[in-house]
Amino acid sequence: MAHQKTYEEINEKIKRGEAVVVTAEEVIDIVAEQGLEKAAREIDVVTTGTFGPMCSSGVFLNFGHSRPRIKMSKVWLNGVEAYAGVAAVDAYLGAAQLPENDPENKVYPGRFSYGGGHVIHDLLAGKEIRLEAIGYGTDCYPNKKVDTIIKLEDLNEAILFNPRNAYQNYNCAVNLSDRTIYTYMGIVKPNLGNASYSTSGQLSPLLNDPYYKTIGVGTRIFLGGGIGYVAWNGTQHHPNVLRGENGVPKVGAGTLAVIGDLKQMDPNWLVGLSYIGYGATMAVGIGIPIPILDEEILSFAAVKDEDIYCPIVDYSEGYPYGKSIDLGFANFKELKSGKITINGKEIISTPQSSIYRARRIASTLKEWIKAGSFELSKPVAPLPSADAKIEFKSIPERNPNGNR
Amino acid sequence: MKNRVVCYFSAAQSEQPIIYQLIKDYDLVVNILKADINPQKEGYLVVELEGKREKYKAGVDYLKSLGIHVEPLSETVVWSEEICIQCGACPSFCPTQALDLDRETMMVSFDNSKCIVCGMCLDCCPTRAIKLYFEVREAV
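Quick mapping for you: the protein sequence lines, in order, are chains H and B.
Per our numbering, the very first residue in the first sequence carries number 182; after that it's consecutive.
Per our numbering, the very first residue in the second sequence carries number 5; after that it's consecutive.
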């Protein structure tokens, strides 16, 4: 009978300071040396980490009321618009939002030096932020304009809520055309000049729990340097995709929606980014603990870079126009070495996701758990897994003027 | 000898085929590292010149004879370790490995002495941790 543990048993060990916690990289050698059975008995938790651009991120803010009160219909923070179509002084600032009058790509490739992600970072760093808001005025909210300076501490709430983070695997971007392209995967040089990839591979949360056996709604996580929770599956969650024999998806698959109190996070782990020719976004640091409840969960968590593959996708034609161009797969051992081979040609690989920082997240989370300050939470509901019949839909092309 | 210099020129001078002359008449290896010309056709050229000592001097004298100001290029690219998030993208674009990614630690480092100021890293850095500090004056 294979050894099994419960969340409660693991948390008891965490409270006593006796939990055995290792990172998703350290666990690989331990399993290789000791074997699954012994390692599964000894190890209680494996910690994962990822730190990279995650555009689908943002923060809900409540500014408190002005005197007289205002029902904000438009809100700007340092000139970057936040969505105000929620209650009077609530707004949602998205990481990819650009300032009013940003030149965008009018002079191509645009610089995108500042955006919503930068505002979130500046707020978190304690900087002063200009708040401008307008409203149309009502009997209960007569004020029509607010123009002031705020800091994070002045807000009632700042709730980071990222609808799609921690993508389980992602494309490796290449460029088959003869001109340089500027993408959310960075600069991709012409004629297979480089190959840009973005996950932390063997450290990445969902690649270590490919069927979401432990990561679910309510899982407590490292988020932006503080504590957060998995709120739901992320948008575009698409678990029923091509998987390897080890169960690991070979293309983009699961995603997470995550939530947490911005005020207890750290600006080092939420960083505004500028992708030339593409836009502004934010790097998010996420770390998820995986409780080693049984041998199977450990075998998934011991996955190695060489056994994780991602699809090589052309971003000049293939991705933007949805053309199917088969360029095969690359594994993360090759990608992290700095060179991959496509069609017999050796190509420089360009990371977008910081492995150094992913390691720091995994080891920070490990220290928190070992110190007893971070207990594991059992999911209150599972995420849809590979057996879910989820269809990845596109926008329907219909004529709103009839002729359906 | 080999040197990196900044050449400042005016509108009239920008019409001159100076690169052609430097190569043809002075037998210099010319490597243009950066050039910027404003709509008034004034601007500067950061260039690496390589050739025999006497030819190099004659070439620079030729530039000066046209009224082009020639100044040595000071160290200019600055990488901020505090701002860098160690994503590791920039070494892919650095032609001289001045920016390097240690494959063990997966940390980026910058060796100023290897930098040729091509500026590719400035565009590919998503945190803008790499900045170019030119000692460039207003165009003359």
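Think of the hints as simulated: they come from the structure by calculation, not from any bench.
Misleading hints may appear alongside valid ones.
Just some of the chain H residues that point at chain B, by a computed CB distance under 10 Å [to be verified]:
1. Asn286
2. Gly318
3. Cys321
4. Tyr322
5. Lys325
6. Arg360
7. Gly519
8. Thr522
9. Arg540
Quick list of in silico lysine-lysine cross-link-like pairs, DSS-like style, CA-CA up to 25 Å [unchecked claim]:
10. Lys56/B with Lys370/H
11. Lys308/H with Lys135/B
12. Lys45/B with Lys287/H
13. Lys56/B with Lys6/B
14. Lys332/H with Lys252/H
15. Lys370/H with Lys118/B
16. Lys252/H with Lys394/H
17. Lys574/H with Lys196/H
Note that beta-carbon positions come from the ideal geometry of N, C-alpha and C, so glycine has one too.
Hints and how they fare:
1. Asn286: Check failed: Cβ of Asn286/H comes no nearer than 14 Å to chain B, outside 10 Å.
2. Gly318: Where the cut-off is 10 Å and the nearest Cβ of chain B is about 41 Å from Gly318/H, the hint is violated.
3. Cys321: 44 Å, violated
4. Tyr322: At 39 Å from the nearest chain B Cβ, Tyr322/H fails the 10 Å test, so the hint is violated.
5. Lys325: It is violated, given that the least Cβ distance between Lys325/H and chain B is near 37 Å, above 10 Å.
6. Arg360: Result: violated, 15 Å to nearest chain B Cβ.
7. Gly519: 7 Å, holds
8. Thr522: Since chain B brings no Cβ nearer than about 16 Å to Thr522/H, farther than 10 Å, the hint is violated.
9. Arg540: 7 Å, holds
10. Lys56/B with Lys370/H: With Cα atoms ~36 Å apart, Lys56/B and Lys370/H exceed 25 Å; violated.
11. Lys308/H with Lys135/B: Status holds; Cα separation ~22 Å.
12. Lys45/B with Lys287/H: The hint holds at about 22 Å.
13. Lys56/B with Lys6/B: 9 Å, holds
14. Lys332/H with Lys252/H: 20 Å, holds
15. Lys370/H with Lys118/B: 22 Å, holds
16. Lys252/H with Lys394/H: 44 Å, violated
17. Lys574/H with Lys196/H: 45 Å, violated
Hints 1, 2, 3, 4, 5, 6, 8, 10, 16 and 17 from the earlier list are contradicted by this structure; the remaining hints agree with it.
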